[in-house]
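Following the hints, position chain B against chain A.
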Amino acid sequence: MSIEIKNLSKKFNEVYAVKNIDFTIGANKTIGLLGPNGCGKTTSIGMMLGLIKPTTGDIIIQNKNINTFERNKLLSIMNFASPYVELPKKLSVKQNLQIYGRLYGVKDLSIRIDELAEDLNLKDFINKKTGELSSGQKNRVSLAKSLINKPEILLLDEPTASLDPDIGDYVRSYVQSYKSKNKVTILLASHNMAEVERLCDSVIMMKKGKIIDQGTSKEIINRHGRTNLEETFLKIVRSKDEVA
Amino acid sequence: MRWHKIYALCLRHIYLISNSLPRIIDLIYWPTVQILLWGFISKFFTLNSEYYSNTVGIILTAAILYDFLFRVSISYNIMFLEEIWSRNFTNLFIAPIKLSEMIASLTITAVFRSLIGLIPAALLAIPLFGVSVFKIGLPLLALLFSLYIFGVTLGLLVTAGLLRFGPSFENIAWASLFFLAPLGCIYYPVEILPLSLQIIAKGLPLVHVFEEMRNILINGTVNYFEIFISILISVAYFIFGVIIFYMAYFGARVRGTLINMGE
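First to last, the protein sequences are chains A and B. For reference, each letter of the first sequence is one residue, going 1 to 244 in the working numbering. For reference, each letter of the second sequence is one residue, going 1 to 263 in the working numbering.
Worth double-checking, as some hints may not be accurate.
[Unchecked claim] Straight line, CA to CA, 30 Å or less: simulated DSSO-like cross-link-like pairs of lysine-lysine: (1) B:Lys98 - A:Lys107; (2) B:Lys98 - A:Lys89; (3) A:Lys208 - A:Lys89; (4) B:Lys98 - A:Lys94; (5) A:Lys90 - A:Lys123; (6) A:Lys11 - B:Lys98; (7) A:Lys53 - B:Lys98; (8) B:Lys43 - A:Lys73; (9) B:Lys98 - A:Lys183; (10) A:Lys129 - B:Lys98; (11) B:Lys98 - A:Lys150; (12) A:Lys64 - A:Lys123; (13) A:Lys53 - A:Lys73; (14) B:Lys98 - A:Lys90; (15) B:Lys135 - A:Lys64; (16) B:Lys98 - A:Lys6; (17) B:Lys135 - B:Lys43; (18) A:Lys183 - A:Lys29; (19) A:Lys208 - A:Lys19.
By construction, these hints were calculated from the structure, which means they are not laboratory data. If you're wondering where the values come from, they're calculated on a predicted model, not measured in any experiment.
Isolated chain A, as found in the complex (with noise of 0.2 Å):
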């Protein structure tokens, strides 16, 4: 399932969140999605989610426009995960779980929940109410929502932010492990520049709201004369203005 943005632009308040971007994902490919805090990755997501209406441009998934076609049919193959959006705290993880797989129309909804508590570790406090688990739990949980409908397409923002490292790195492993097994046409939003080495194919650098780079972690590297994605972003975050 791939997804192409046209020309996206959002303003708010006569201020460009977003400015004209443009980029592709291309099927089963995982994109990661860099820049510093308010460049408008957030922004961006949410319109790729029909949660903003862009000011300008197009997003435009196998060939359908979210904003024209219809919005409900594209997000029954989409899902997203955030640390910074919950799920109900007085429900239990299966509560959770059941009420999302019903609402994603998940046939056989028990046997899937069966296998994300398996997949994520979750057996032990699936019965649990999720206001009562650890940041690792529910990231886990988190997850699992967020697979719950195999979706084609997943957006994750900052999928492992406030996780300590063996939590971080369990998350990672299995979005690998996952997409290994599954078709999946992933964008990854985050400020962990080895997590994006490792998961993504390639990488945007958005920054003021614009796109000032993108190619594979690699190309992006040399291009800018650094040793690693970390040194990369942080010239390109304090540089002035340039755009590829």
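Below, chain B alone, put in the same frame as chain A:
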């Protein structure tokens, strides 16, 4: 509309209530206190007022009906606020559900949530004060239906405000019904209001519901036209509420508030 999606959305609130005994107690507690309070006031007026001397229970019946309206509207608002409080808003709005399914689920769940509190309170009024709201007979269902539709409409307007202005609109959610109560003529006849306010009040379904309730209890007759008018006005407001809700949703998409909505 797909019923399995509506059911899933209802299930979220059913789980929330059934998971928590304090929530169930809270749902029953307030209507019961309300009924007790108005029961004693009603008893006092019955003993000391000529107007009410032959109409035992008018005030208490009005209190029960008004509480039903209040509970429906507040339930609607609370269920929507729960999504904001739990930071579940984005998950909900990126799920493949239609706005109409969301409205339907809130509308259905609001009535169950309200009845959980109101049925015990209404039953309690029978042995405690000798007042049964069921004395109104079958027209009671029509009056409740009118109040239900109007309560949902108020809920829709408040949730539209939450979408438009964010969680800061929460205070308005609590105050919304008190604002209309003076014009609703819940406990007094419409003639008490100044003429100019009477005209405005008659544009609300509440006046027609409560006037008809008094008519049934005092005169023992049913004016079906008045009930029909109350339902018609409620439905007209409901359609208006749905339009406002849709406008608020599309406005929120333009402003980008759906993705950041949270406590």
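Evaluation of the provided hints:
For a cut-off of 30 Å, the pair hint linking Lys98 (chain B) to Lys107 (chain A) stands: about 20 Å separates their Cα positions. With a CA separation close to 24 Å, the supplied pair Lys98 (chain B) and Lys89 (chain A) stays within the 30 Å bound. Our distance criterion of 30 Å between C-alpha atoms is broken by Lys208 (chain A) and Lys89 (chain A), whose separation comes to about 35 Å. A threshold of 30 Å between alpha carbons decides the hint, and for Lys98 (chain B) with Lys94 (chain A) the separation of about 24 Å falls inside it, so the pair holds.
Note on Lys90 (chain A) and Lys123 (chain A): the hinted pairing holds, with a Cα-Cα distance of about 18 Å set against a maximum of 30 Å. For the given pair, Lys11 (chain A) sits about 26 Å from Lys98 (chain B) by alpha-carbon distance, which is consistent with the 30 Å threshold. Between the alpha carbons of Lys53 (chain A) and Lys98 (chain B) the distance comes to roughly 17 Å, so the proposed pair stays at or under 30 Å and holds. Restraint check: the Cα-Cα separation between Lys43 (chain B) and Lys73 (chain A) comes to about 59 Å, which exceeds 30 Å; the hinted pair is violated.
With a C-alpha separation of about 27 Å, the suggested pair Lys98 (chain B) and Lys183 (chain A) falls inside the 30 Å cut-off, and the hint holds. A distance of roughly 28 Å separates the Cα atoms of Lys129 (chain A) and Lys98 (chain B); the hinted pair therefore holds under the 30 Å criterion. Annotation: proposed proximity of Lys98 (chain B) to Lys150 (chain A) holds, straight-line Cα distance about 21 Å (limit 30 Å). In summary, the hint linking Lys64 (chain A) to Lys123 (chain A) is not supported, as the alpha carbons are separated by about 38 Å, beyond the 30 Å threshold.
The hinted pair formed by Lys53 (chain A) and Lys73 (chain A) meets the criterion: a straight-line CA distance of about 17 Å does not exceed 30 Å. In summary, the hint linking Lys98 (chain B) to Lys90 (chain A) is supported, as the alpha carbons are separated by about 25 Å, within the 30 Å threshold. Of the pairs offered as hints, the one joining Lys135 (chain B) and Lys64 (chain A) is violated, with about 59 Å between alpha carbons and a cut-off of 30 Å exceeded. For the suggested pair Lys98 (chain B) and Lys6 (chain A), the alpha carbons sit about 26 Å apart, so the restraint of at most 30 Å is met.
Between Lys135 (chain B) and Lys43 (chain B) the CA atoms are separated by roughly 17 Å; this keeps the pair inside 30 Å, and the hint holds. For the proposed pair Lys183 (chain A) and Lys29 (chain A), the alpha carbon gap of about 9 Å is at most 30 Å, so the pair holds. The suggested pairing of Lys208 (chain A) with Lys19 (chain A) holds, with an alpha-carbon distance near 8 Å, which does not exceed 30 Å.
Going through the hint list in order, the structure does not satisfy hints 3, 8, 12, 15.
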